Amino acid sequence: MRRIQMLVASAALALVLAAPATAQQTARGWAATSGVAVRVLNLKGTTRIIGWDRDSIAVSASVPPDGRLYGGGGRAAVKLGVEPAAPGGEPPAATLEVRVPQGASVSVKSATADVDVRGVGGTIEVMSVGGRIAVSGNPREVSVESMAGAIDVVGDVPVVRVRTAGGSATVDGAVEDLMVETVSGPIVVRSRAPRRTRLESTSGSIAFEGGLAADATLDVQTHESAVKLTLPRTVAASFELTTFDGLLINRFGSAAARPSRGGKPLRFTANGGGAQVTVRTLKGDVAVYRR
Amino acid sequence: MTYESEDELRPLIEQLPRSIEPAHDLWPAIAARIEAQHSRPLRRSEPARPSRRRWAAALAAAAVIVVAAASSLATAWLLRDDRPPAAASAPAVGGQREAAYLRATAALAQELAVRRDELAPETIAVLDRNLAIIDRAIAESRAALAADPANGDLAELLWASYQRKVSFLEQAARLATPT
Numbered sequence: 003m004r005r006i007q008m009l010v011a012s013a014a015l016a017l018v019l020a021a022p023a024t025a026q027q028t029a030r031g032w033a034a035t036s037g038v039a040v041r042v043l044n045l046k047g048t049t050r051i052i053g054w055d056r057d058s059i060a061v062s063a064s065v066p067p068d069g070r071l072y073g074g075g076g077r078a079a080v081k082l083g084v085e086p087a088a089p090g091g092e093p094p095a096a097t098l099e100v101r102v103p104q105g106a107s108v109s110v111k112s113a114t115a116d117v118d119v120r121g122v123g124g125t126i127e128v129m130s131v132g133g134r135i136a137v138s139g140n141p142r143e144v145s146v147e148s149m150a151g152a153i154d155v156v157g158d159v160p161v162v163r164v165r166t167a168g169g170s171a172t173v174d175g176a177v178e179d180l181m182v183e184t185v186s187g188p189i190v191v192r193s194r195a196p197r198r199t200r201l202e203s204t205s206g207s208i209a210f211e212g213g214l215a216a217d218a219t220l221d222v223q224t225h226e227s228a229v230k231l232t233l234p235r236t237v238a239a240s241f242e243l244t245t246f247d248g249l250l251i252n253r254f255g256s257a258a259a260r261p262s263r264g265g266k267p268l269r270f271t272a273n274g275g276g277a278q279v280t281v282r283t284l285k286g287d288v289a290v291y292r293r
Numbered sequence: 777m778t779y780e781s782e783d784e785l786r787p788l789i790e791q792l793p794r795s796i797e798p799a800h801d802l803w804p805a806i807a808a809r810i811e812a813q814h815s816r817p818l819r820r821s822e823p824a825r826p827s828r829r830r831w832a833a834a835l836a837a838a839a840v841i842v843v844a845a846a847s848s849l850a851t852a853w854l855l856r857d858d859r860p861p862a863a864a865s866a867p868a869v870g871g872q873r874e875a876a877y878l879r880a881t882a883a884l885a886q887e888l889a890v891r892r893d894e895l896a897p898e899t900i901a902v903l904d905r906n907l908a909i910i911d912r913a914i915a916e917s918r919a920a921l922a923a924d925p926a927n928g929d930l931a932e933l934l935w936a937s938y939q940r941k942v943s944f945l946e947q948a949a950r951l952a953t954p955t
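Chains S and Y are the protein sequences, given in the same order. 3 is the number of the first residue of the first sequence in the numbering used here; add one for each residue after it. 777 is the number of the first residue of the second sequence in the numbering used here; add one for each residue after it.
If you are wondering where the hints come from, they were derived from the structure by calculation, not from laboratory data. Nothing here was measured: the structure is a model prediction, and the numbers come from that model. We treat Cβ as the ideally placed atom computed from N, Cα and C, and that holds for glycine. A couple of the hints might just be wrong.
Stated by the list, open to error - Some chain Y residues flagged as far from chain S (calculated, every beta-carbon gap over 12 Å): (1) Gly871; (2) Ala875; (3) Val890; (4) Arg940; (5) Lys941.
To be verified - Derived contacts from chain S toward chain Y, CB cut-off under 10 Å, selection only: (6) Ser148; (7) Thr166; (8) Ser170.
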């Protein structure tokens, strides 16, 4: 009997000692308007924002003992996040899942936390140092930037702005107005009939695949990285392709189908023209393919 | 970056001012607060009275916001009269527009240097690696434009690289700013 008591006491002690190391599950909620502005700060761990068909915000979080969930605001604007439990402490690595009204606008800031936003219809703004950023759905506008993290935007979005230095940037969907800029990260865009597209990188490769609206502009610029455009054979566009120290390959059609280099622009018009395609690079290769 | 280009750039860089103060009356007070904070850093273990910490945090946040705004204004001011050149009249290397970009990037780099210690080592590594890539691109574009000063496409590539450096430094400063 005494032995059992000792065992139970030891087990209880072990539980008490182990408890502080266990992440705490926390849940909070707020009533909100359908177009509420939500600001989220979670520097480490994971942040997931999900649009739902209710006019309320629900947060479930797994927060380590050295952190705490905070939040507040009114029906039109709510700010929430995870912060160190003690002033001056290190940011805790928390898992945060936030459900917001589908029409909400969301702003998220992260350091290394991965950020996933889906099904949100307002404007989405995400800033991260090194975490991966994924946005999917049909928001009104997306603006994401990272120093080193990969960025993926999937969906039909009127306006998309993507900026990352070393991470990759992928955009897949119907985007009317698109700007993607990297320093060394590769850019991949698959888009249906965009109207205005600007893709720029210093040393990251750029691949664009998709159609172009009749009055569209596609401007691509790199310093030393390759550019690959794959366009439908029916696209009506005027092309101006320039590389100073790279190879220029035109596989789009018979017109001016010559490889060239040296900075002399290759200009040609396909299917009567309409859209304007401009590629400019100092050292990168430029290739145009027909889909 | 090639040694030739570095030699070319060095005299220009040495002519740059060590700092550029935004033309705004708030700046002296902000600078004094920042200076005060840096001259008396709080150790993490150092206890502080809650009210003082709140005021310090509020002042720091206000300073960060105003500094960021001032930085953007300063960048806009430095680049205010520099429209993209017409292809037919590409400016020579070392002209007024390049000087404006050099001033802008130097000011932003200095601002970022103040907060460099707040960044994680891996972030600093990414920052330095990508800045080196941009600097190399600037040097190479600059050399190409120097050899063919009337080429508007080369000028556009050079200005694009400078603009990317400005954008990158501004982005880094934003990311280094605590919310």
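Q.
Please check whether the beta-carbon of Gly871 of chain Y is more than 12 Å away from every beta-carbon in chain S.
A. holds, 19 Å
Q.
So, as I understand it, the hint says Ser148 of chain S touches chain Y; can you test that by seeing if any CB pair is closer than 10 Å?
A. Holds. Min distance 8 Å.
**Q.** Non-interface label on Lys941 of chain Y, tested against every C-beta of chain S at 12 Å
**A.** The assertion about Lys941 of chain Y is violated, with a minimum of 9 Å to chain S.
**Q.** Val890 of chain Y remote from chain S - nearest C-beta pair above 12 Å
**A.** At roughly 17 Å from the nearest Cβ of chain S, Val890 of chain Y sits farther out than 12 Å, so the non-interface label holds.
Q | Least C-beta distance between Arg940 of chain Y and chain S, which was stated to exceed 12 Å | A | violated, 6 Å
Q. Regarding the hint that Ser170 of chain S lies at the interface with chain Y, is the smallest CB-CB distance below 10 Å?
A. Given a least distance of 14 Å, the restraint on Ser170 of chain S is violated.
(Q) Min Cβ distance, Thr166 of chain S to chain Y: is it shorter than 10 Å? (A) holds, 9 Å
Q) Beyond 12 Å from chain S, beta-carbon-wise, is Ala875 of chain Y? A) holds, 21 Å
Of the numbered hints given earlier, the model fails hints 4, 5, 8; all others are met.
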